[in-house]
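Listed below, chain by chain, are the residues.
Protein chains: 4
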Amino acid sequence: MLEQLKEEVFQANLELPRQGLIKYTWGNVSAMDRESGLFVIKPSGVSYETMKASDMVVVDLDGNVVEGEMRPSSDTPTHAVLYKHYSEIGGIVHTHSTWATIWAQAGLDVPVMGTTHADTFYGSIPCARFLTQEEIDRGYEAATGNVIIETFEQRGIDIMAVPGVLLKGHGPFTWGNDAKSAVMNSVVLDEVSKMNLFARDLNHFAEELPQGILDKHYLRKHGKDAYYGQK
Amino acid sequence: MLEQLKEEVFQANLELPRQGLIKYTWGNVSAMDRESGLFVIKPSGVSYETMKASDMVVVDLDGNVVEGEMRPSSDTPTHAVLYKHYSEIGGIVHTHSTWATIWAQAGLDVPVMGTTHADTFYGSIPCARFLTQEEIDRGYEAATGNVIIETFEQRGIDIMAVPGVLLKGHGPFTWGNDAKSAVMNSVVLDEVSKMNLFARDLNHFAEELPQGILDKHYLRKHGKDAYYGQK
Amino acid sequence: MLEQLKEEVFQANLELPRQGLIKYTWGNVSAMDRESGLFVIKPSGVSYETMKASDMVVVDLDGNVVEGEMRPSSDTPTHAVLYKHYSEIGGIVHTHSTWATIWAQAGLDVPVMGTTHADTFYGSIPCARFLTQEEIDRGYEAATGNVIIETFEQRGIDIMAVPGVLLKGHGPFTWGNDAKSAVMNSVVLDEVSKMNLFARDLNHFAEELPQGILDKHYLRKHGKDAYYGQK
Amino acid sequence: MLEQLKEEVFQANLELPRQGLIKYTWGNVSAMDRESGLFVIKPSGVSYETMKASDMVVVDLDGNVVEGEMRPSSDTPTHAVLYKHYSEIGGIVHTHSTWATIWAQAGLDVPVMGTTHADTFYGSIPCARFLTQEEIDRGYEAATGNVIIETFEQRGIDIMAVPGVLLKGHGPFTWGNDAKSAVMNSVVLDEVSKMNLFARDLNHFAEELPQGILDKHYLRKHGKDAYYGQK
Chain A
22 MLEQLKEEVF QANLELPRQG LIKYTWGNVS AMDRESGLFV IKPSGVSYET MKASDMVVVD
82 LDGNVVEGEM RPSSDTPTHA VLYKHYSEIG GIVHTHSTWA TIWAQAGLDV PVMGTTHADT
142 FYGSIPCARF LTQEEIDRGY EAATGNVIIE TFEQRGIDIM AVPGVLLKGH GPFTWGNDAK
202 SAVMNSVVLD EVSKMNLFAR DLNHFAEELP QGILDKHYLR KHGKDAYYGQ K
Chain Y
22 MLEQLKEEVF QANLELPRQG LIKYTWGNVS AMDRESGLFV IKPSGVSYET MKASDMVVVD
82 LDGNVVEGEM RPSSDTPTHA VLYKHYSEIG GIVHTHSTWA TIWAQAGLDV PVMGTTHADT
142 FYGSIPCARF LTQEEIDRGY EAATGNVIIE TFEQRGIDIM AVPGVLLKGH GPFTWGNDAK
202 SAVMNSVVLD EVSKMNLFAR DLNHFAEELP QGILDKHYLR KHGKDAYYGQ K
Chain X
22 MLEQLKEEVF QANLELPRQG LIKYTWGNVS AMDRESGLFV IKPSGVSYET MKASDMVVVD
82 LDGNVVEGEM RPSSDTPTHA VLYKHYSEIG GIVHTHSTWA TIWAQAGLDV PVMGTTHADT
142 FYGSIPCARF LTQEEIDRGY EAATGNVIIE TFEQRGIDIM AVPGVLLKGH GPFTWGNDAK
202 SAVMNSVVLD EVSKMNLFAR DLNHFAEELP QGILDKHYLR KHGKDAYYGQ K
Chain R
22 MLEQLKEEVF QANLELPRQG LIKYTWGNVS AMDRESGLFV IKPSGVSYET MKASDMVVVD
82 LDGNVVEGEM RPSSDTPTHA VLYKHYSEIG GIVHTHSTWA TIWAQAGLDV PVMGTTHADT
142 FYGSIPCARF LTQEEIDRGY EAATGNVIIE TFEQRGIDIM AVPGVLLKGH GPFTWGNDAK
202 SAVMNSVVLD EVSKMNLFAR DLNHFAEELP QGILDKHYLR KHGKDAYYGQ K
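Residue numbers (this note's numbering), protein chains in the order written: chain A, 22 to 252; chain Y, 22 to 252; chain X, 22 to 252; chain R, 22 to 252.
What the hints contain is simulated information worked out from the structure, not anything from laboratory work.
In this text the structure is predicted, and so the values were computed from the model without any measurement.
You may find that some hints are simply not true.
A pair holds if it fits inside one copy or across any two, identical chains being indistinguishable in the list.
DSS-like mimics (lysine-lysine), calculated; alpha carbons at most 27 Å apart, straight line [claimed, not checked]:
| no. | residue 1 | residue 2 |
| --- | --- | --- |
| 1 | 73 | 242 |
| 2 | 201 | 105 |
| 3 | 73 | 201 |
| 4 | 105 | 237 |
| 5 | 237 | 201 |
| 6 | 73 | 237 |
| 7 | 201 | 245 |
So here's chain A without its partners, still in its complex pose (with noise of 0.2 Å):
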C-alpha cells in the first residue's frame, strides 16, 4: 500500500539528521497521498539506524491507523488536522532544529532580513501562541494543528508562500507539497534563524528587507513568472 510514498517519506525522514536538524528520533515526516486521502508517516520514537521504509504507517484523515505494525509518530494528529483543512499541502516536517526552536522559545515571528529568507518564505514565519490549559486536556496535537490554522487564517497569511511556522516554548512545522520540499524548507527556516539571530545580535537596528527586494526575490523562484532553475 502506498510503497512508494513510504520510501519517499522514509528518505525525506533520513534526510532530518544528515542535515543536521535532529538528533536522536525528534523529528517526524509524512506525505499525503490526496488520491486515497491517506497519509504516510513515521512511525514513534523508533532509531534512525534502524528504521526500515516498510516501518512508515498509512493512516487516514482522522487519525486512524490504517496500515502498519507499528504506533504512528505521537504528532500524527497535528499532521491529520493540517492535510484535513489544506488540500494543498502535500508534505509535513516537525523538528526541534535549534535555531528555529530558539525563536520558538523566544516566542517571536521571524522577520524577513535577507534574501535567503525571501527565496523560499514570502515574509515572517509566524509564532503561534502556547496552548491552553484546555486545549492541553481536550487533546493537545490535534490542538497544535488547529493553533496554526488559527495563526494563519487570523493574520491572513497564504499557507504555501510561508510554509512554515514557530510553536511557542516548542519548535517548528514545516510543510510543502511533498515531503521532500517540506524538509528543504526545515532547513532554510533553522538556517534563516540563525542568520536572523545575530544580524540583530550585531546590530540592533538592522532592517528588515524592503518589500521590492522580498518580491523580486520570491517571485523569481516561485509563480508564472520564476526564472530560477531548470524549465
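Guided by the hints, dock chains Y, X and R onto chain A, whose structure is given.
Then chains Y, X and R, alone, in the frame of chain A:
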C-alpha cells in the same frame, strides 16, 4: 566478570565523541550491576582510539578496584557516592560538553524554556554550589557526589525526574536507568543548554514553559500513561 | 569548448559545500577565459550530487549562452557585469554563507580586526547599499553588478586588494585570479565575519588592527616583496 | 636527518585540520631536538592534502635552514626565539583557531572560569600587546617571539604552567613537551575560549574559579602528586 556490562559501558563511552560531547578523554561513563553491588567504569586518561571493552574497570561501592589492570577514572568516587545513595540509578555520565559547561561556568540553573527540555527533564536542571576548601581537601571527588545529593535533597527534586546536574565552574553529570540513557540525557542537556542560552539572548523576557505544557510533554513520554514510542 | 575551465569551475563549485559555505544549490562559481572573452558558470538550481563538469554553461560578456543545454545561474548577469568592467578578475563566487550573510543583513562593513583578515583583504570589506525599486525593475542581477562597481569606485577601493563585497540584506560576492582563489576568499570572508562578530560581542571597545600590522600581514603574502609560501 | 621528529611534526600538523583548528594552511607546528640544537617545522603555504613528512624543514636556533628543499613556515623566527629562550619547550603550535583568535582580537586575557581550563592551564592565558612600528620594521616574526617572552617575564608566569599566549589582533601560540602536547594545548585553549565567551555572555557576573579548585584540578593532572591517567 560483568562482560556484557563492560561492553555496554565501552559502547556508551564511544558514543560521547560521536555525539560531539567530548574532546580527547574528557569524559567518563559507568554502569551499575545491582545484583553484585559492583559498577563498571572507563579507565583514566586512556585514548578513545585504542580503548577496548576489556579495559573497563570493575569497582565496588566504596570505590575499590575489584577487577582490571588499569586505574579507573579519577572521578570514580563521585560515581560510587551516587550509586550508593540512589538505588534507582543504573548509569552515570560526566562530560565537559560545551553548552552545559557554559551554564555551569555561569553558575546558573538551566530553566525549562521549551518542550525539548520537558521531554526529558521534569523541571530546571540545578547548578550545585562550589565545594569549600575543606571539602576539597578531605576528598574532592567524593565531595562532588555529596554536593549533588545535597542539591537534590535541599530542593526536593526527584533524582530520576531531573536526571542531571551542573557542578558550578565545572560541568554536567547526568544519569539514567542504564549507561545508554545516561548518555542520551547528556545529549539533551547540552542541546537545551545551547537553545536556552540563545533564546534568552534573543529575548531577555522569554517566558518559561507553562506548567501544563511541561506536564504534557514529560508525561506523554514518562510514567504509566506515556504514549510515545513503541510499547 | 573550454573543457579545462569547465572542470575548474565544476571543482570550485563542489568546494562550496565541502567548505560549509552553502546548503543545497545556494551558490555559484564562474571563471573567465580572457582570450575568447567567454566565461563558464554553474547551471541554475542543479543538485550538487548529480551535477557534472559538462553541465557547466559557457556565456559571453553580455550574458548570452554560447554553449550548454542548461540555463546558467540566475545570477549570471552579475558575473558578466563584473568581468566586463574589471579585466583583472578571473573567477567569481556568490554564496549565502552564514557569517558573511549575517554582516550583510546587519548592513555593516566588516572591519579589519585581525591578521586573518589582513592576510587576504587589505582593508574593510564594504557593504553595498540596497538597490532602488527602479534598479530592481530594470534588471535586478545586472544592477547588482553595477552597485558593486559603484561601491568600489565611490570609496576608491582596489578591487584586487579587497576581493569581496557584501550586498545589503543578501550576501557576499568574492573574486580572484581564478575560480579556486575566489572560493578561498569566500572561506576567509566567512571566517573573519564570524571572528569579528564575536570579538565585538566580547569587547565592544575592541580596536581595529593598527595600519602597520595590516601592511605587514597583507604585504608579506601579496605583491613583489611577499615571502609567504613557496616561490 | 631527524626522520622520527619529522614524522611527529608532520602528524601533529595533520591533527590541526582534524581538530577543526585551521582552514587551508593557516597553522604551523614544530618540534625541537635538544641534542642537536635543531628543530623541525612545516614548510610555508603547502597544502595539507599533498604535504609529506619529508617536506618538513630542519632549522637551527638562529632560523637558518639546515636541511630541506622547501621554505620553512614564515613564522619560523618566532619558533626559534622561543626554543632558544626556553629550554623546557619541546613543541610549538601556531593557529588562527576561531575562538582563541576572537579573544586575541578582543585584546583580552582568557580568565580561568572553569575546570576545563584548570586541567591544562594554571592561570589566565595572557594576551600580549601589539608590536610597535619599530618592532615590525626590524623583524616582525622574531619580535613576535620576544613580545611573548616579555609578557611572561613581566607578569612572572611560568611558561610550562600556562603553555599558551594570545597575540593581540592575531591569534594563539601554544607549546608543550612535544608537538603532540602542544597541539592538545591548542585544542583546549580554543575550547575554553569558546566556553568562557558564552559564560560571560550568559552571566556578566560569572565568577572566576576559586583558587582551591584551580589548584585541585591542575595538580591532580600535573606535578609529582598527579593521579590522573595511567602511571
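Each hint tested on the structure:
1. 73 <-> 242: between (34 Å within a copy, 23 Å between copies)
2. 201 <-> 105: Answer is within: at 20 Å inside a copy they meet the 27 Å cutoff, but 39 Å across does not.
3. 73 <-> 201: both (17 Å within a copy, 23 Å between copies)
4. 105 <-> 237: between (32 Å within a copy, 25 Å between copies)
5. 237 <-> 201: Within one copy only: 24 Å inside a chain, 30 Å across chains, cut-off 27 Å.
6. 73 <-> 237: neither (42 Å within a copy, 29 Å between copies)
7. 201 <-> 245: within (21 Å within a copy, 36 Å between copies)
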